[in-house]
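Visitor: So you can see what is in the structure, the chains are spelled out below.
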Amino acid sequence: MRIVSVNSVTFNQHQKSMAIHKLQPDTWVDNYGDYLFNFAVGRVSDSEIAKDLVSETFLAGLKSAKNYKGEAAERTWLIAILKRKVIDYYRKINSKKGKAEVRVNYSSPSNPEGDWLEERVADPYSMLENSAMENEELGLAIQECIAKLPKKQSMVFTMKTIQGISTEDICNELGINPSNLWVMIHRARTALMGCLNQNWF
Amino acid sequence: MMISCEKAATICNKAQYREATFFEILKLKFHVLICKTCAKFSKQNTAFTSLCEKANLRSLSEQDKLKMKQELNKGH
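Chains A and B, in that order, give the protein sequences.
Going by our numbering, the first sequence opens with residue 1, and the numbers climb by one from there.
Going by our numbering, the second sequence opens with residue 1, and the numbers climb by one from there.
The hints are simulated quantities; they were obtained by calculation from the structure and are not laboratory data.
Just so it is clear, CB atoms sit at the ideal spot from N, CA and C, and this is done for glycine as well.
Treat the hints with care, since some could be wrong.
Here are the simulated DSSO-like cross-link-like pairs (lysine-lysine), alpha carbons at most 27 Å apart as the crow flies [stated by the list, open to error]:
(1) K14/B / K148/A
(2) K92/A / K67/B
(3) K63/A / K67/B
(4) K151/A / K29/B
(5) K65/B / K148/A
(6) K54/B / K14/B
(7) K69/A / K74/B
(8) K66/A / K67/B
(9) K65/B / K85/A
(10) K148/A / K27/B
(11) K69/B / K22/A
Every beta carbon over 10 Å from chain B, so not counted as near; a handful from chain A, in silico [unchecked claim]:
(12) G33
(13) K51
(14) K69
(15) G70
(16) A73
(17) A80
(18) R84
(19) M133
(20) K160
Work out the full structure, taking the sequences as your base and the hints as a guide.
Guide: So, in structure tokens, the structure goes:
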């Protein structure tokens, strides 16, 4: 991968003093793909669109790799790009929609309660929004931990737990036997529990 | 009837994916009654499963990842 070496050379020239973070586009898909995907699904709630956004993010990241100053961690930097992509996406679909009529009304005209703002504020007893946010955070925390696993373990765990593929199919696809699979699942689960332990149990 | 801790852990993992047989679960329950370490592991493992369910995890398929990698390589 030529660009990596070129990048790290220019990077080193610019910032010899604080050479902490380096971009490694070869590892992006494996290390951050699922993390970014989960993040994107949380924002656009359509997995096809989310997939495209992640894909675009990687390409944009590659294109602007020379602008990477090494101040933020790789993942943070990619998330920042993804956020821009999400905003762009909403701008695009908004411009497509009819711009003619924008009606701002707090309640429907048939609503006898009137337009009082007080009636429209969030229900303080509702825990729904909070738990949705918390679950997204949890999802990202788990993905972060999965990314730290050895490649084969993370693959087996993801296929089994997230994609719900049957033991038999996974064994066939990866050329392993069931007891191998369960050993890997065990290691993955133990490692993940340890990784999550501090915050979530 | 008494199984090893290693065996108990395997059954416990299988149970997380609903792949343990009734008889296996019976053996696990019996083991957990006696073995405190496995009882703790079993409890945590089950909690982890419900966390995973709650988190509504998504992932890209291997094909999608492969496609992205190829696109990235083209961009190089």
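Visitor: Of the hints given before, which are not true for this structure?
Guide: 4, 10, 12, 13, 20
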